[in-house]
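Protein chains: 2
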Amino acid sequence: MQKVRVAVVGWGNVGRGAAEAVMLSPDFELCAVVRRNAQPGQVVHVNGADIPAVRSIADADGAVAALVCLPTRLTTAAEVEMLKAGISTVDSFDIHGDALLEHRRMLGDAARRGGAVAVVAAGWDPGVDSIIRCLMEAMAPKGVTYTDFGPGMSMGHSVAARSVPGVADARSFTLPVGFGVHRRQVYVQLDGTRPFEEVEADIKADPYFAHDDTRVMQVESAADYHDTGHGVSLKRYGAAGTTGNQQMEWRIRVINPAATGQCMLSALRAGLKMAPGAYTMAELPVISMLPGGLEEIVKGIV
Amino acid sequence: MQKVRVAVVGWGNVGRGAAEAVMLSPDFELCAVVRRNAQPGQVVHVNGADIPAVRSIADADGAVAALVCLPTRLTTAAEVEMLKAGISTVDSFDIHGDALLEHRRMLGDAARRGGAVAVVAAGWDPGVDSIIRCLMEAMAPKGVTYTDFGPGMSMGHSVAARSVPGVADARSFTLPVGFGVHRRQVYVQLDGTRPFEEVEADIKADPYFAHDDTRVMQVESAADYHDTGHGVSLKRYGAAGTTGNQQMEWRIRVINPAATGQCMLSALRAGLKMAPGAYTMAELPVISMLPGGLEEIVKGIV
Numbered sequence: 123m124q125k126v127r128v129a130v131v132g133w134g135n136v137g138r139g140a141a142e143a144v145m146l147s148p149d150f151e152l153c154a155v156v157r158r159n160a161q162p163g164q165v166v167h168v169n170g171a172d173i174p175a176v177r178s179i180a181d182a183d184g185a186v187a188a189l190v191c192l193p194t195r196l197t198t199a200a201e202v203e204m205l206k207a208g209i210s211t212v213d214s215f216d217i218h219g220d221a222l223l224e225h226r227r228m229l230g231d232a233a234r235r236g237g238a239v240a241v242v243a244a245g246w247d248p249g250v251d252s253i254i255r256c257l258m259e260a261m262a263p264k265g266v267t268y269t270d271f272g273p274g275m276s277m278g279h280s281v282a283a284r285s286v287p288g289v290a291d292a293r294s295f296t297l298p299v300g301f302g303v304h305r306r307q308v309y310v311q312l313d314g315t316r317p318f319e320e321v322e323a324d325i326k327a328d329p330y331f332a333h334d335d336t337r338v339m340q341v342e343s344a345a346d347y348h349d350t351g352h353g354v355s356l357k358r359y360g361a362a363g364t365t366g367n368q369q370m371e372w373r374i375r376v377i378n379p380a381a382t383g384q385c386m387l388s389a390l391r392a393g394l395k396m397a398p399g400a401y402t403m404a405e406l407p408v409i410s411m412l413p414g415g416l417e418e419i420v421k422g423i424v
Numbered sequence: 123m124q125k126v127r128v129a130v131v132g133w134g135n136v137g138r139g140a141a142e143a144v145m146l147s148p149d150f151e152l153c154a155v156v157r158r159n160a161q162p163g164q165v166v167h168v169n170g171a172d173i174p175a176v177r178s179i180a181d182a183d184g185a186v187a188a189l190v191c192l193p194t195r196l197t198t199a200a201e202v203e204m205l206k207a208g209i210s211t212v213d214s215f216d217i218h219g220d221a222l223l224e225h226r227r228m229l230g231d232a233a234r235r236g237g238a239v240a241v242v243a244a245g246w247d248p249g250v251d252s253i254i255r256c257l258m259e260a261m262a263p264k265g266v267t268y269t270d271f272g273p274g275m276s277m278g279h280s281v282a283a284r285s286v287p288g289v290a291d292a293r294s295f296t297l298p299v300g301f302g303v304h305r306r307q308v309y310v311q312l313d314g315t316r317p318f319e320e321v322e323a324d325i326k327a328d329p330y331f332a333h334d335d336t337r338v339m340q341v342e343s344a345a346d347y348h349d350t351g352h353g354v355s356l357k358r359y360g361a362a363g364t365t366g367n368q369q370m371e372w373r374i375r376v377i378n379p380a381a382t383g384q385c386m387l388s389a390l391r392a393g394l395k396m397a398p399g400a401y402t403m404a405e406l407p408v409i410s411m412l413p414g415g416l417e418e419i420v421k422g423i424v
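Heads up: the sequence lines are chains A and B, in that order.
Position in the first sequence (from 1) plus 122 gives the number in the working numbering.
Position in the second sequence (from 1) plus 122 gives the number in the working numbering.
To be clear, the hints were calculated from the coordinates, so they are not data collected in a lab.
Treat the hints with care, since some could be wrong.
All copies of an identical chain are treated as equivalent in the list; a pair is satisfied when it fits inside any one copy or across any two copies.
As the list claims (entries may be wrong) - Under the rule of at most 16 angstroms between Cα atoms (straight-line distance), these lysine to aspartate or glutamate pairs were calculated in the EDC-like manner:
| hint | residue 1 | residue 2 |
| --- | --- | --- |
| 1 | K264 | D149 |
| 2 | K357 | E371 |
| 3 | K206 | D172 |
| 4 | K421 | D220 |
| 5 | K421 | E320 |
| 6 | K421 | E224 |
| 7 | K264 | E203 |
Isolated chain A, as found in the complex (with noise of 0.2 angstroms):
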């Protein structure tokens, strides 16, 4: 069986667990690492390989999908690009709402003119996360959704209070409060160019935090915070027809970039059966992430 060759573009936590999950596959191959800075010749490597790392992914020798692992306000103008030029994506964008609509309308004008397809919001949440919601939805249509993360550092987070200007370096941790409601606790390393007042206002009223208790704190290595390890309890209690007391529970405990990358890797595989256009992840047959026959799945799994 030919291999899917796929590029991982962008070089952080998530684009290494993406690398790791595609050289680990049965069915994809690792042809190329996207780094803005790469130098000619460079290599970068990734469970004992070798992979070239290229500056755009019209060097990437054949890629037919990217893994696209950049900030989410980066991906939207990349992935048009990509898509447009015959090249299937799939990001981890993780702003909900009609942001998330928008982009996934331009990237599935951008896929159907070049042929491709594209994955949005791929990951453990949202991604997974939002696959379970609907299934807790079509078990007990009547009812409320909780969904509690953490503890854990948001990587999406933590690159929004890094763009602050004055912050050198940040990690934001999200808390659980409980049933919903979370705290943002955000450790900040000051560059020395603005004071911390105007730092912790800034981070405070970005869209990522407003909507969240969240709390700034000024110390002298962000780096010191850094665990990966992050986790989420959705849990729905409802009705099915007329009958309530119908409890579901999702709890996981995770790796982050690990799980975002493989999660993203596996969406890919559904997507690339799909007709050309964009997808979220519950648009997509579950059975379909995983590699091997259907029959062989159904027999095993089912």
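Let chain A serve as the given structure and place chain B on it in line with the hints.
Positioned in the frame of chain A, the structure of chain B alone reads:
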């Protein structure tokens, strides 16, 4: 919006649960209940409405689809007839492995001939749990998944025990020993035609029970043990890429017939959007199990 007319076939616990789910849905209406012994002009009461009870699906006025709530061993033949006549079906076929594959193939052939859709093995297990097992493998391809049922009454096992000669009534409970090992506790009420030891041996030899530690107890009234509460815990410990210690758990506690009936209806909703053929729930996009517009769901849940 025109509602989709659906019949419920079989009027046991699951049939009643399915009928209530249909009555409360925004997009389906219950056109009839199919009962073997229905009398001319008979009605059944569902959520305060009078629903025609008929002997055959052919008498279910305008039925586009049927929720087939019969014992598993009666489903294949009944559904093949309906599918050939162009009526889509959903069942909760609860035998795994080769038997399920064969059932899916037979229904798929009939469905394609009739231009209809069959969703097989729909419910909370198999069905939702099958989706969860696939999702867990998509998140952590290497590792082990454990399924622990109960404590709860198994409808399939109770029906199997009741079908043993000499049994007047029976309730079979599934008890989680832990990490995939179960004990079956069967309460049997004899009809006086056979000694307990023979009944006990037949139950233990039945394929439904043969693989588990099964304990059969003779009781005065099996109905005194009737409780429809049930649940499951699905756990997976695995690796995403090279990263181990990824932990996932799905845990539910439900009223079994209501949950099964609701899952069957949600599966039907998704099935009706597919090309003619037979599908397990894991082959259906989860988002299409919910009523309402896709963009609305993406905005609200994903």
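Unsatisfied constraints (hint numbers, rising): 3, 5 and 7
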